[in-house]
Every structure is written in structure tokens, then in C-alpha cells.
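Participant: Whenever a hint applies, use it, and build me the whole structure from the sequences.
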Amino acid sequence: MDNLFVDDLGKRFRIGTAPDKPFRPSQWLNVLRRRKPDEPKAEEPADGVRDLWALRNVSFRVQPGTVLGVIGANGAGKSTLMKVLARVTLPSEGRVVGVGRLVSLLELGAGFDPDLSARENIFLNAAINGVPRADVERRFDAIVEFAEVEQFLSTSLKHFSTGMYLRLAFSVAVNLEPRILIADEILAVGDAGFQERCLQRVQADAQQGLTVLFVSHDMEAIVKVCNRVIWLDKGKVVKDGLPEDVVADYQRTMWAHADAARSERGSLSNEIAELMSVRLLSNTLQEIGVPPTDESFFIRVRFRTFQRRVRTRCAVDFYAKRVLLFRVSEVQKKEHMGDETYEAAVRVPASLLAETNYSLTVSITVENVKGREYTLISYNALSFLAYRSKAGDDGPKDEQAGLLAPKFDWKYYRLRNAPHA
Amino acid sequence: MVRDEPLREAKWVVEPRRAGGSARLEELWRYRRTFWFLANRSRKRMYQRMTLGVFWVFGRPLLPIVFATIIFGSLLKIPSDGLPYFLFFLTGMSSWMMFERGLMWVTRSLQMNRGLVKQVYFPRLLIPIAAVAPVVVEFGVYMGLLAGAFVYYRVTDGIWYLHVSWGLLVALFAQVVALVLVIGIGFFTALAQARHRDVRYGLRYFLRFWSYGTPLLYPMSQVPEQYQWLMYMNPMAAVVQTFKWGVLGVDKFPALPLLGAAMLSVGIFAFGFWSFSRGETAAIDKM
Numbered sequence: 001m002d003n004l005f006v007d008d009l010g011k012r013f014r015i016g017t018a019p020d021k022p023f024r025p026s027q028w029l030n031v032l033r034r035r036k037p038d039e040p041k042a043e044e045p046a047d048g049v050r051d052l053w054a055l056r057n058v059s060f061r062v063q064p065g066t067v068l069g070v071i072g073a074n075g076a077g078k079s080t081l082m083k084v085l086a087r088v089t090l091p092s093e094g095r096v097v098g099v100g101r102l103v104s105l106l107e108l109g110a111g112f113d114p115d116l117s118a119r120e121n122i123f124l125n126a127a128i129n130g131v132p133r134a135d136v137e138r139r140f141d142a143i144v145e146f147a148e149v150e151q152f153l154s155t156s157l158k159h160f161s162t163g164m165y166l167r168l169a170f171s172v173a174v175n176l177e178p179r180i181l182i183a184d185e186i187l188a189v190g191d192a193g194f195q196e197r198c199l200q201r202v203q204a205d206a207q208q209g210l211t212v213l214f215v216s217h218d219m220e221a222i223v224k225v226c227n228r229v230i231w232l233d234k235g236k237v238v239k240d241g242l243p244e245d246v247v248a249d250y251q252r253t254m255w256a257h258a259d260a261a262r263s264e265r266g267s268l269s270n271e272i273a274e275l276m277s278v279r280l281l282s283n284t285l286q287e288i289g290v291p292p293t294d295e296s297f298f299i300r301v302r303f304r305t306f307q308r309r310v311r312t313r314c315a316v317d318f319y320a321k322r323v324l325l326f327r328v329s330e331v332q333k334k335e336h337m338g339d340e341t342y343e344a345a346v347r348v349p350a351s352l353l354a355e356t357n358y359s360l361t362v363s364i365t366v367e368n369v370k371g372r373e374y375t376l377i378s379y380n381a382l383s384f385l386a387y388r389s390k391a392g393d394d395g396p397k398d399e400q401a402g403l404l405a406p407k408f409d410w411k412y413y414r415l416r417n418a419p420h421a
Numbered sequence: 422m423v424r425d426e427p428l429r430e431a432k433w434v435v436e437p438r439r440a441g442g443s444a445r446l447e448e449l450w451r452y453r454r455t456f457w458f459l460a461n462r463s464r465k466r467m468y469q470r471m472t473l474g475v476f477w478v479f480g481r482p483l484l485p486i487v488f489a490t491i492i493f494g495s496l497l498k499i500p501s502d503g504l505p506y507f508l509f510f511l512t513g514m515s516s517w518m519m520f521e522r523g524l525m526w527v528t529r530s531l532q533m534n535r536g537l538v539k540q541v542y543f544p545r546l547l548i549p550i551a552a553v554a555p556v557v558v559e560f561g562v563y564m565g566l567l568a569g570a571f572v573y574y575r576v577t578d579g580i581w582y583l584h585v586s587w588g589l590l591v592a593l594f595a596q597v598v599a600l601v602l603v604i605g606i607g608f609f610t611a612l613a614q615a616r617h618r619d620v621r622y623g624l625r626y627f628l629r630f631w632s633y634g635t636p637l638l639y640p641m642s643q644v645p646e647q648y649q650w651l652m653y654m655n656p657m658a659a660v661v662q663t664f665k666w667g668v669l670g671v672d673k674f675p676a677l678p679l680l681g682a683a684m685l686s687v688g689i690f691a692f693g694f695w696s697f698s699r700g701e702t703a704a705i706d707k708m
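Residue numbers (the working numbering), protein chains in the order written: chain U, 1 to 421; chain C, 422 to 708.
Hints are supplied without guarantee of correctness; some may be wrong.
DSSO-like mimics (lysine-lysine), calculated; alpha carbons at most 30 Å apart, straight line [stated by the list, open to error]:
#1 K234(U) x K539(C)
#2 K333(U) x K370(U)
#3 K158(U) x K707(C)
#4 K539(C) x K239(U)
#5 K236(U) x K539(C)
#6 K707(C) x K234(U)
#7 K539(C) x K465(C)
#8 K158(U) x K539(C)
#9 K707(C) x K236(U)
#10 K236(U) x K432(C)
#11 K239(U) x K432(C)
#12 K158(U) x K465(C)
Worth flagging that the hints you see were computed from the coordinates, not collected in a lab.
Facilitator: The following block contains the structure:
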């Protein structure tokens with residue numbers, strides 16, 4: 001039985017109007033002349049008033065126990081959707097039906113009073129959510145423990161760091177025993193350790209039947225925690241399905257935009273050569289959005305040379321968490337005839353990448369006839385989340401850790417006369 | 422484990438059109454804890470971070486009354502139904518200030534809780550209603566001042582001016598009428614204030630004139646008999662007059678005007694309730 005129904009939801013904002021502009025005496029004249037104030041004069045252009053649908057025809061249903069990720073570019077309507085679900089604003093059309101208490105974490109500090117102590121704020125936040133004091137008293141220790149604020153219970157909240165604030169807010173929210181929890185990106189504020197704990201907590205609670213909706217730009221977290229993802233674009237649901245599928249599609253589209261933006265600027269070319277595109281290919285040479293970790297794949301660099309006898313050398317830098325992991329580079333420069341398009345592909349072996357976010361910086365060193373060197377470089381040419389394509393055969397949970405996951409062989413030897421301590 | 426089943430398991434609907442009146446009332450009840458929180462918070466805000474707390478609590482209401490006594494009572498010799506002018510004026514102001522200050526608090530309420538309203542859901546109707554909390558506390562302060570004045574005149578003049586009778590209960594009822602009127606008008610002004618910040622200034626200006634039309638500085642008995650009905654078109658005249666009659670036992674009980682004021686207040690409240698429910702979303706979206 002679903003416990004959240006979103007039915008043909010739409011939210012319209014009217015932009016271009018300035019309803020709060022100061023009242024001018026000329027408006028009085030309009031009134032006296034019996035002219036409707038909103039009616040523009042014929043010769044004047046309209047005020048630029050138009051409707052913006054932040055959400056339109058959005059429908060989905062969610063079962064208890066679902067961790068639903070909401071992804072999309074900035075301005076796609078994610079936050080508006082969260083606000084409507086949290087009832088902070090009303091929709092313009094359609095409806096939402098929910099069963100059970102909904103607790104939302106929309107903005108940091110919502111429902112907290114910086115002048116009160118942490119202890120008072122816990123009760124305050126509960127009161128705002130309509131939760132009885134007895135319920136909070138029962139959960140008080142759990143809240144404090146998860147938030148790790150034992151020593152600061154009497155400290156007024158304005159002296160809290162952002163991280164402490166966030167820990168307290170999250171801890172109160174999950175401990176108010178909601179049936180539906182809504183979180184809008186605020187988890188991104190916390191440090192890695194706390195984020196991990198939050199995600200684990202969310203997953204654990206989901207197994208107890210909690211429905212979670214959360215917005216994030218961190219595709220790694222989305223794939224790790226969610227069991228369903230909705231991708232919003234311009235207020236509409238583009239795709240709704242399994243995290244790996246939706247995230248892969250989403251990322252592919254994002255690059256298409258990025259490529260277009262880059263080519264307009266044309267910053268990746270000089271009079272000798274031009275770096276045209278960077279793509280991922282599967283080991284069957286199909287273009288793919290997301291590379292597998294357990295199969296090999298190719299990175300293909302397409303470039304063009306404008307002069308004769310140009311020598312080039314390609315390199316790909318692998319970054320994860322802004323750390324340069326390694327560089328794959330050609331050993332020698334290749335010479336080209338000139339004014340032609342070339343492709344260079346490098347094969348990335350299976351069992352090297354971990355299931356995490358990578359970013360590639362691609363560079364081409366170009367040498368012209370006279371021996372002068374130039375470098376064309378595309379920072380963050382691609383970023384993607386690698387995933388394991390063969391689902392099901394998961395090894396032990398702690399099988400891999402870190403930014404790379406190479407598979408090395410293990411060998412065992414039995415020691416015969418080993419000295420026992 | 423779960424004690425508050427109704428709220429925790431309740432089904433809720435979000436639609437462009439909000440639920441009807443009875444559903445709203447029921448929701449207000451379910452969110453009564455939020456009401457107490459809001460009321461408490463606005464009360465705490467009254468004298469928050471003020472160094473001269475005690476002065477503001479007692480001195481602020483007292484000083485204007487003392488000056489008015491000197492000017493209107495001693496210099497201009499305005500009649501005061503045979504009572505000390507100070508006591509006469511203080512009693513009237515105790516009743517009136519609940520209205521004037523209350524309306525200012527309610528008008529600003531939505532704007533003051535902007536952060537909360539844009540981030541968490543609770544019935545928005547709670548905000549203007551809870552905003553009268555400070556003024557109820559202030560009413561208590563006025564009662565304290567009044568008690569002090571009674572004791573003072575008992576000691577100096579030897580007269581006990583407090584009129585103990587069932588009229589005291591009627592006086593309290595009159596104050597409740599004033600509160601209903603405050604919230605009723607406040608439903609409109611709070612929404613207006615959320616969009617037009619100058620509403621508050623205009624209102625303060627307007628209230629000054631309203632107070633002149635209310636028997637505060639002068640007794641109702643000074644108004645010619647044939648024009649008194651006109652004075653009573655002002656619901657606050659009936660409230661203030663009833664309060665003075667109930668507490669001091671002067672003049673006569675304006676029963677009919679009070680009934681009219683009560684009905685008018687309830688009417689304005691109901692209309693305001695409806696109108697606030699209709700307009701709250703648009704106002705908050707634009708805030």
C-alpha cells in the first residue's frame with residue numbers, strides 16, 4: 001500500500017509582475033479615468049508578465065520503505081516539489097495525498113531559534129511539528145546521542161557550528177518518528193563522516209517502513225542509498241526508475257549540454273589543432289554514459305589537426321574527490337598528416353575503478369613542425385559514477401574501500417614449523 | 422510506542438484549494454502544541470535583550486498615563502465620573518491597550534514569523550491567533566498597576582474604588598470580545614502587512630484617531646445623550662465602557678452596545694478567518 005501519492009501536480013509562478021511596487025499618483029488618475037490599473041495602454045508593451053511552471057504534470061506514487069532520490073539540474077523544480085510536499089507552499093493544480101506524519105529538512109535552521117539552547121530547541125522543533133512533549137522526552141537521549149551534542153545542550157544555538165546545527169536538525173527530524181522524511185540537499189553541508197551516518201540511518205529507517213525523499217547532486221550517494229530515482233527537468237518527470245538507469249541517463253544528458261557549451265566558447269583549439277570531444281565506449285565500442293567497474297571500457301578522444309606534420313600526445317587524468325589519482329599518457333608523440341580528424345582511444349581495464357565519482361581531465365600536447373609545443377586541455381571533460389554492471393554477485397560489503405578498487409590475487413601458504421608465541 | 426496516533430497516522434491532502442472551515446478548526450486543534458510554542462515565543466520577544474526590562478514592563482504603560490493625568494486631569498480639569506482622573510484613565514487604558522497593542526502585534530505576526538512560515542508547515546492561522554499572547558500578558562501588567570492604584574487610594578483617600586460584583590466577569594467578557602475583534606481585524610491587516618510594509622504605519626496613525634472616538638480621555642457621560650448611540654457604533658466604546666462599569670461601578674452597563682460589539686466581532690472574526698485562509702498562500706509565496 002503506497003503512502004504518498006502525487007497526482008498531476010503543478011506549481012505556477014507569475015514572473016515579471018511587481019505587485020509590491022510603490023503606489024504612484026498616476027494610478028489614482030487611472031482610477032479616476034475608470035481605467036483598470038492592470039490594463040496596459042495599447043502603445044505600451046506588456047509588463048513582461050508570464051507564467052512559469054516550476055512543476056507541471058508531475059505524478060508518482062511511493063511505497064513505504066522507499067528511498068526516493070530526486071535529481072535534476074538547477075532550476076528543474078526539485079526544491080519546489082519538496083516545498084509542495086512539505087506543505088510550505090500550495091500547488092496550483094493537482095494534489096498530493098500522504099499517510100502519516102511528514103517531517104521535512106528543507107533548509108538549515110528551519111524551525112530552530114538561535115537564541116534558545118539546544119535542549120529547548122529540541123522541544124521547540126517538536127512543538128512546531130505538532131509532536132507531543134512526552135514523545136520527545138522519550139526520544140530525547142536518542143536525539144542527543146545521534147547529534148553528538150551532549151556537552152552543548154545548554155549552549156545557545158547561535159554559537160553552534162554549521163555542522164553541529166545540521167547534526168541536531170537531522171537527529172531531531174529522524175527521531176520524531178516520521179512516516180515520510182523529506183530532505184532537500186541540506187545533507188551536503190555535513191562532513192563526509194556525518195553524511196555517511198545520515199545515509200546509513202536513512203537506509204535503516206527505510207527498512208522499518210519509512211519513506212524518504214531526498215534531493216542531491218551527489219550521484220554517488222544517490223546510487224548508494226536510493227532504491228528509486230526520479231529525474232526532473234523543467235518541472236517535468238523525465239525518468240523514474242532504478243537508480244543506476246536514471247543516473248546514467250541523466251549524466252549522459254548533462255554532458256551533451258556541457259559539450260555544446262564548450263564548443264561555443266571554442267577554448268579548446270588553437271591554429272594547430274582542436275580537441276573536439278571525449279566519450280566513453282563500452283568494450284563492444286558502443287557509446288555509454290556510465291562505465292562499468294567489472295568490465296573494460298574505452299575513453300575516446302576526438303581531435304582535429306589543421307597543419308601538416310603535427311605531432312600529438314594524449315593524456316587522461318583521473319580525479320576522484322579532487323585528488324589526482326593517476327595519469328594515463330601516451331609514451332611517444334604520434335605524427336599526423338594534417339587537416340584531418342583523428343580519434344585516440346585508451347582502454348581502461350576491468351577491476352580498476354571503484355563505485356565512486358570520477359572526473360577526467362583530458363589534454364593533448366601538440367607539437368608543430370618547428371618543434372613548438374602547445375597543450376590543449378579540457379578540465380573535467382567528463383565526470384561520471386562508475387558502477388558494477390553485474391548486479392547480484394556482491395562480495396562482502398567491506399570488499400572494496402577507497403577511490404580505486406583493483407583486484408589483486410591473494411595466495412595462501414601454510415607455514416609448517418611456525419613459532420607460536 | 423506511538424501515542425499520538427491521529428497525527429502520526431493521519432491522512433493528509435495538499436490541494437490548490439484548502440480544506441473547509443471545520444477541517445481547519447480540527448487541524449488547529451491538532452496543532453495546539455505549535456500554538457503554545459508560537460504564543461510563548463511572541464511573549465518572550467516582548468522584552469528580549471532589553472536591559473531595562475522592569476522599566477519597560479511597568480514604566481512604559483504608566484508614564485503616558487501619569488502625563489495624561491497631569492495635563493487632562495489637573496490642568497484641563499476634564500471630568501472623570503467623580504473618580505481620581507488617574508484611576509479613571511488607567512482603567513480605560515487597560516481595556517483599550519489590549520486592542521491597540523494587540524492589533525499591532527497581530528499585524529506584524531506573519532512578517533515576524535517569515536522564516537518559520539517559509540520552511541515548515543503548520544496551519545498558518547495559528548500565527549495571527551498566537552500573536553495576541555504578549556498583549557494578554559500586558560493586560561496582566563495593567564491589572565497589577567490597577568491593583569496598586571486601588572491600594573494607593575485606599576491608603577491615601579481611604580476609599581476602596583474597586584467595585585466587586587458580577588460586573589467584573591462582564592468586564593472580562595468585554596476584554597474577550599476585544600481579543601476576538603483584534604484577531605478578526607488582524608487576519609486582514611497581517612496579510613496586508615506581509616505584502617505592503619507600510620500597513621503598520623498607516624494603522625498606527627489610524628488607531629490614534631480611533632482612540633479619540635473611544636471614551637478614554639473623557640467619560641461617556643460627557644457625551645450628549647442623543648449622540649451616545651453614535652459613539653456606540655464603535656465596538657471598542659462598548660468594550661471600554663463595559664470594562665469601566667464592571668471594575669469601577671461608574672455609569673451604567675451598556676448591555677445592548679456590548680451585545681452588538683460581540684456580534685460584530687464574531688462576524689469580523691469569521692470573515693477574517695475565511696479571507697485569511699483564501700489569501701495566505703499567495704501572500705506567503707510573495708513574502
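Participant: Run the distance test for K236(U) versus K432(C): straight-line Cα separation, threshold 30 Å.
Facilitator: Distance of about 26 Å is within 30 Å: holds.
Participant: Hinted pair, alpha-carbon criterion (30 Å max): K158(U), K465(C). Please report holds or violated.
Facilitator: OK: K158(U) and K465(C) at ~17 Å, within 30 Å.
Participant: Does K236(U) pair with K539(C) here, judged by a C-alpha cut-off of 30 Å?
Facilitator: With a Cα-Cα distance of about 23 Å, the restraint between K236(U) and K539(C) holds, given a limit of 30 Å.
Participant: Need the status of pair K158(U), K707(C): alpha-carbon distance at most 30 Å?
Facilitator: Status holds; Cα separation ~28 Å.
Participant: Is K239(U) close enough to K432(C), meaning Cα to Cα at most 30 Å?
Facilitator: Within the cut-off at roughly 28 Å; holds.
Participant: Given the hinted pair K539(C) and K465(C), is their Cα-Cα distance within 30 Å?
Facilitator: Status holds; Cα separation ~22 Å.
Participant: Between the alpha carbons of K234(U) and K539(C), is the straight-line distance 30 Å or under?
Facilitator: Cα-Cα ~23 Å, so holds.
Participant: Starting from K333(U), check that the Cα of K370(U) is at most 30 Å away, please.
Facilitator: 15 Å, holds
Participant: Need the status of pair K539(C), K239(U): alpha-carbon distance at most 30 Å?
Facilitator: 29 Å, holds
Participant: Check the hint pairing K158(U) with K539(C) against an upper bound of 30 Å on the C-alpha distance.
Facilitator: 20 Å, holds
Participant: Is K707(C) close enough to K234(U), meaning Cα to Cα at most 30 Å?
Facilitator: 21 Å, holds
Participant: Starting from K707(C), check that the Cα of K236(U) is at most 30 Å away, please.
Facilitator: Judged against 30 Å, a Cα distance of about 23 Å means the pair holds.
The structure meets every hint from the earlier list without exception.
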